[in-house]
Amino acid sequence: MNPIRKVLRAGFELIERPFDRLFGPALNPVAQLGALGFFFFWIVAVSGIYLFIFFDTGIERAYQSVEYISRDQWFHAGVMRSFHRYASDLMVVMVLVHLLREFAYDHYRGVRWFSWFTGLPIIWLLYVSGITGYWLVWDKLAQFVALVSSELLDWLPIFGEPIARNFIATGTLTSRFFSLMVFMHVAVPLFLLFIMWVHILRISRPKVNPPRMLALMSLAALLAVSIWKPALSQGPADLARVPNGIGLDWFYLPLYPLTELWGNGSVWAFLTAFSLMIALMPWLPPLRRARAAEVDLEHCNGCARCAEDCPYEAIKMVRRTDDLPFPTEAEVNPSLCVSCGICVGSCPSSTPFRRTEELKTGIDLPEYSLRQLRERVMDVASGLSGPGRVLVLACEHGGAAGRIGDTVVMPCVAMAPPSLIDFILSRDLADGVVVAGCAESACYNRLGVQWTEQRFAAERDPYLRARVPRERIATVWASALAASKAEAEIVEFAARVAAMPPKRLRSPLPVSSTVPTPKALQTERGTT
Amino acid sequence: MKALRWIGQFVVIAALFAGVAALSDWPRYSQIPKDAGVVMLSFVHGADRKGECRRLTPEEIAKLPPNMRRVQDCPRGRRAVYVELDVDGRSAYRADLPPTGIAGDGPSRVYQRFVLPAGRHDVAVRMRDSARADGFDHESRKSVELMPDQMLVIDYRPENGSFIFR
Numbered sequence: 001m002n003p004i005r006k007v008l009r010a011g012f013e014l015i016e017r018p019f020d021r022l023f024g025p026a027l028n029p030v031a032q033l034g035a036l037g038f039f040f041f042w043i044v045a046v047s048g049i050y051l052f053i054f055f056d057t058g059i060e061r062a063y064q065s066v067e068y069i070s071r072d073q074w075f076h077a078g079v080m081r082s083f084h085r086y087a088s089d090l091m092v093v094m095v096l097v098h099l100l101r102e103f104a105y106d107h108y109r110g111v112r113w114f115s116w117f118t119g120l121p122i123i124w125l126l127y128v129s130g131i132t133g134y135w136l137v138w139d140k141l142a143q144f145v146a147l148v149s150s151e152l153l154d155w156l157p158i159f160g161e162p163i164a165r166n167f168i169a170t171g172t173l174t175s176r177f178f179s180l181m182v183f184m185h186v187a188v189p190l191f192l193l194f195i196m197w198v199h200i201l202r203i204s205r206p207k208v209n210p211p212r213m214l215a216l217m218s219l220a221a222l223l224a225v226s227i228w229k230p231a232l233s234q235g236p237a238d239l240a241r242v243p244n245g246i247g248l249d250w251f252y253l254p255l256y257p258l259t260e261l262w263g264n265g266s267v268w269a270f271l272t273a274f275s276l277m278i279a280l281m282p283w284l285p286p287l288r289r290a291r292a293a294e295v296d297l298e299h300c301n302g303c304a305r306c307a308e309d310c311p312y313e314a315i316k317m318v319r320r321t322d323d324l325p326f327p328t329e330a331e332v333n334p335s336l337c338v339s340c341g342i343c344v345g346s347c348p349s350s351t352p353f354r355r356t357e358e359l360k361t362g363i364d365l366p367e368y369s370l371r372q373l374r375e376r377v378m379d380v381a382s383g384l385s386g387p388g389r390v391l392v393l394a395c396e397h398g399g400a401a402g403r404i405g406d407t408v409v410m411p412c413v414a415m416a417p418p419s420l421i422d423f424i425l426s427r428d429l430a431d432g433v434v435v436a437g438c439a440e441s442a443c444y445n446r447l448g449v450q451w452t453e454q455r456f457a458a459e460r461d462p463y464l465r466a467r468v469p470r471e472r473i474a475t476v477w478a479s480a481l482a483a484s485k486a487e488a489e490i491v492e493f494a495a496r497v498a499a500m501p502p503k504r505l506r507s508p509l510p511v512s513s514t515v516p517t518p519k520a521l522q523t524e525r526g527t528t
Numbered sequence: 001m002k003a004l005r006w007i008g009q010f011v012v013i014a015a016l017f018a019g020v021a022a023l024s025d026w027p028r029y030s031q032i033p034k035d036a037g038v039v040m041l042s043f044v045h046g047a048d049r050k051g052e053c054r055r056l057t058p059e060e061i062a063k064l065p066p067n068m069r070r071v072q073d074c075p076r077g078r079r080a081v082y083v084e085l086d087v088d089g090r091s092a093y094r095a096d097l098p099p100t101g102i103a104g105d106g107p108s109r110v111y112q113r114f115v116l117p118a119g120r121h122d123v124a125v126r127m128r129d130s131a132r133a134d135g136f137d138h139e140s141r142k143s144v145e146l147m148p149d150q151m152l153v154i155d156y157r158p159e160n161g162s163f164i165f166r
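If you read the protein sequences in the order shown, they are chains Y and S. Read left to right, the first sequence gives residues 1 to 528 (the numbering used here). Read left to right, the second sequence gives residues 1 to 166 (the numbering used here).
Pulled out of the complex, with its shape left as it was, chain S reads as follows (with noise of 0.2 Å):
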């Protein structure tokens, strides 16, 4: 008698146990449909100053204190960055990005998630990061194939001041 109430107790333990092991990785997720990938357009980068740099008097300088001396003094604010991402001819993003920082001198930062149906697709990604008030400083234009869940993201290079797909 004692030894089968230690069977049914064992029993009902190892089928507790066996619910929390089965729903440990069931029943299945899916971030996205069947058929899609995603295009991620994500980057880091600092927008020109808000002002123009000064180039500081030889007066000015000797006021600074000696371990302070600098030539120029430029305005420590960024400007937003300004970036648009078109997909098959269509508006998918627009967006002023502000810098980061409390003092807004940090870069602007994107990171942005698209999830569209796989295939081929026009993808276009321009970016405003200077004074000018219209058109782009930078853009990149790309047909694309777009395989079920790629992650397709495109980037921007400072170093070379262009946006890059990969």
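Just chain Y, with the same shape it has in the complex (with noise of 0.2 Å):
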């Protein structure tokens, strides 16, 4: 692993799984941070459109209103400047912690290259939208703003006459200037949103709203430091006099100073190359992609589960094009698929009880398909011994990917269907089941976590069926870098399986021919 990315990712599981403890899993922030600035958005639109009543364009009376706003009506326009301005910082630091966790995560290359890469204008977008916001107020701070940007600008080859030198001197800024700038502070957001529609267009089932719980008390803390701390204006603009000794905002104007350090061609540079380097990271180096699920219409009943599942919209239900009496088939988009195998968890003819010749489902992944998953499973059971017989099915990218002896790996646990695990139990292929996957805030395949759940606690077709004994089943998440803490669950685990009784099978059925018994590998392995 890249070591900036480890050291990161080391950063996050340091602040994520205790907020994991004190949230929850469902409600950690920091697993909701694409939500979250979602929901910031939105907070700075309406209460932005709540200001707009009250503020006027002009050179003293823009300063005027937005004093009026915020000493004369404060407990409610002055609460809405705030919540404007605070909630527009929240929106930078969701972005960067967002950007830094997806790089941390390997979230930004292969498929997902294009929601990586569309998030680049979504950061340019939110500072032009913030520093114009700035500028309306015309307060010193404004006027420190107007000129650094105006300079920034002038340094670019494309104007005629500086137009910085319409904030050096007094009588050459006029109350027009202000109406553009308006117009700037509304267009450019506008066209943010639109750009943050792009960013999700690739995502299956985007998060675009926090849990509501979550958007609560982000409300009730953002009302709470308003009180606490008012967004206040920093004296009235004069061009006369240098602004100095004025409060910046270091979330979205932390250049600004090193213009005065570097020069603004250094800021010039160096903003280039960090777009230059967002932008090509997708592909420094690309992601080893294994081969996309393939359809096999004739084990495909068009029951569009795996099309309900995909995370990354990879499959899509399409009219039929064989005989069978089904209307449609599942057709999967090579260039969007990951193979993370999640379809083939969800197929229902995903059984490893199927006798036939060669165990064939209606989607599966060619690089390993569930004819090998059902045979590296019972390859590892024969090597299991003991009172607690525990086969462990891991994600690789979870904790207890590194395992080995009684661990089978795949790309993500929900590849696993569920009578998968019915299988091992009630043929006697192990005494219990860990199903090891990522940490449950952040699952490498979105939805993976989330579907082994809901598919054990029968609220996902295909369920978990009832007759399998749910104490010999566990499920561990736990990130790659808590590999000891999934062990210790694991352990504990196979601890409590070997105290249970000998579990009673519930299968009618024999053995099949095509499928052997653990014993039977013994067996060839040993005369081989």
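Simulated from the structure, these hints should not be mistaken for lab results. It is possible that part of the hints are untrue.
Calculated pairs, DMTMM-like style, for lysine to aspartate or glutamate (alpha carbon to alpha carbon, straight line, at most 20 Å) [unchecked claim]:
{"id": "1", "chain 1": "Y", "residue 1": "K503", "chain 2": "Y", "residue 2": "E471"}
{"id": "2", "chain 1": "Y", "residue 1": "K229", "chain 2": "S", "residue 2": "D86"}
{"id": "3", "chain 1": "S", "residue 1": "K50", "chain 2": "S", "residue 2": "D155"}
{"id": "4", "chain 1": "S", "residue 1": "K2", "chain 2": "Y", "residue 2": "D20"}
{"id": "5", "chain 1": "S", "residue 1": "K34", "chain 2": "Y", "residue 2": "D238"}
{"id": "6", "chain 1": "S", "residue 1": "K34", "chain 2": "Y", "residue 2": "E260"}
{"id": "7", "chain 1": "Y", "residue 1": "K360", "chain 2": "Y", "residue 2": "D422"}
{"id": "8", "chain 1": "Y", "residue 1": "K360", "chain 2": "Y", "residue 2": "E375"}
{"id": "9", "chain 1": "Y", "residue 1": "K360", "chain 2": "Y", "residue 2": "D296"}
{"id": "10", "chain 1": "S", "residue 1": "K142", "chain 2": "S", "residue 2": "E59"}
{"id": "11", "chain 1": "Y", "residue 1": "K207", "chain 2": "Y", "residue 2": "E308"}
{"id": "12", "chain 1": "Y", "residue 1": "K485", "chain 2": "Y", "residue 2": "E459"}
With the hints in hand, could you dock these two chains into one complex?
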């Protein structure tokens, strides 16, 4: 693993796990960064519309109207101003932490390049939106922002006359300029919203709204902070004086002091290099991709569960192309498929009990088929012995991926159809099964943990059958950096299973001739 | 127990938001030292053209398309403006300011900031915008009292042909 990514991931682990304990995986704010970003955008939009009712464009009137908002009408418009300011800052925080987290968890390469790439204009538009907003207040900070922004723009060989000259002496600036800034401060965020929509276009079930409880708590916290520290202006702009000793918004304006230290050219060079790096990262180096899932029409009845479960919108249902009496069939878009195998786990044909000559299912991974998965399970099971025989089905991105001996690793735990658990226990391949995936709030394939839990709880097709003894199944959700936590939970479960009475096998089916028993496998191994 | 958990969650979120609110205007930033002001030399001015205009003959005018007929043919490009700024008898800035525009026919421009300690300063500014090799076409000298945080702008007004201090 890339050392920078490793350090970042360890950092996130350090924050996320305590947050998981306090908030629970569903409410953990660190796992809701994108949704919170959208949420803060809406707060900024609504509070902005409210403030616009009171705002007056004009050199004198702009400042006066904002003062009226903040002082005379502090109890509603002033609070809204603080909401507007702090929600904008929080949006920057959400965007930047979201970017770092997606990088840390390697969620930016392969098919995810699109969301990563479209995140770049979001950053630019977010900053332009914020900077034009600060300009409108026309206080000392606004004067500083106007001066430095225009000096930065003047460095580019675009404008004939330096626009910064408008902000160095009184009498050159007109009220019309504020109308232009209001237009920009409305138009740019609208375009930002459009790009935010494009950003999530390729994501199945994007989280654009945080859980209600988290949203309510965030609103309450914003209100508390707005009353504790209301956003205020910093004295009227005076073009005859240098705006000195100002309170800078370090979320939006961290580069502005650098224009003094480095010069405008260097700041542009930095911004260009940063943008280029972000834009090219998905291909530095590109992600090695396994072959996309393939549909076997003979075994596909067009039930659409795979399309429903795919986290990448890689599967769609199309009109049937064969003679089977079903209206639709699944079609995989290879350019969107990451070969996570979640579709295999969702297919009702994916049952290891099937006694066809060669185990086949409706949709399968060419490089890791259901047949191979069943073979690996049986192979590993044949090596289990003792009173508490536990077989681990592990996600390759989770904390149990590095285990050897009793573990079958797969791209995502949701690749394992629930019937595989039934198969393992009813065929006495093991006394207990552990399903070990990523940390609950940081599933590499976004929905693998959620789908697995819902299938086991009989809330999502295909269900884990009622006959399967739940006490013999354990789920362990731990990230790759929490291998010891996963190990401890597995050992504890194995001890519990060892103390259980022998299980009553309820499967009436005889062992198929095409499905070798662990015993047969052992014998076979012994003779060869 | 559930209420306690909610309170804990709220406290964590509020603390994070308070941190963000604090960083939205702290620590404070100063562009220039406390007892200093800024002298800004900034103007936009086009120097003379590189060559003399030549009066076209009636034959030459007749050869031109009717909508493009003119009496003079002037070279397009402009000369660079040469400017000097001295503060308290010492040179603070000297530069040849090239004309802007792809064809070099736009005005020259300067935007330079000088941070000076507050107090009295002798400021002299000189400019050459013609073909002359030495000497200056425009010149101004002033003793100014620079206040802390003051922004003193030295501009050039082509309509008056003189520098202004404001």
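Tell me if the straight-line CA distance from K34 of chain S to D238 of chain Y falls inside 20 Å. Holds. K34 of chain S to D238 of chain Y sits at ~17 Å (cutoff 20 Å).
Hinted pair K485 of chain Y and E459 of chain Y, Cα distance within 20 Å: violated, 28 Å
Quickly compare the C-alpha distance for K360 of chain Y and D296 of chain Y to 20 Å and report which way the hint goes. holds, 8 Å
Checking one constraint from the list: CA of K50 of chain S to CA of D155 of chain S, max 20 Å. Satisfied? The given pair, whose Cα atoms are some 24 Å apart, is violated under the 20 Å limit.
Next pair to validate is K142 of chain S with E59 of chain S; report whether the Cα-Cα distance is within 20 Å. violated, 53 Å
Holds or violated: are the alpha carbons of K207 of chain Y and E308 of chain Y at most 20 Å from each other? holds, 16 Å
So if I understand the rule, the pair passes when the alpha-carbon distance is 20 Å or less; does K229 of chain Y with D86 of chain S pass? violated, 47 Å
Is K34 of chain S close enough to E260 of chain Y, meaning Cα to Cα at most 20 Å? holds, 16 Å
Next pair to validate is K2 of chain S with D20 of chain Y; report whether the Cα-Cα distance is within 20 Å. Given pair K2 of chain S, D20 of chain Y holds - Cα atoms ~15 Å apart, limit 20 Å.
Does K503 of chain Y pair with E471 of chain Y here, judged by a C-alpha cut-off of 20 Å? Holds, at about 11 Å.
Quickly compare the C-alpha distance for K360 of chain Y and D422 of chain Y to 20 Å and report which way the hint goes. Within the cut-off at roughly 18 Å; holds.
Given the proposed pairing of K360 of chain Y with E375 of chain Y, does the C-alpha separation stay at or below 20 Å? Satisfied, since the Cα-Cα distance of roughly 13 Å is no more than 20 Å.
Violated hints, listed in ascending order, are 2, 3, 10, 12; each of the other numbered hints is respected by the structure.
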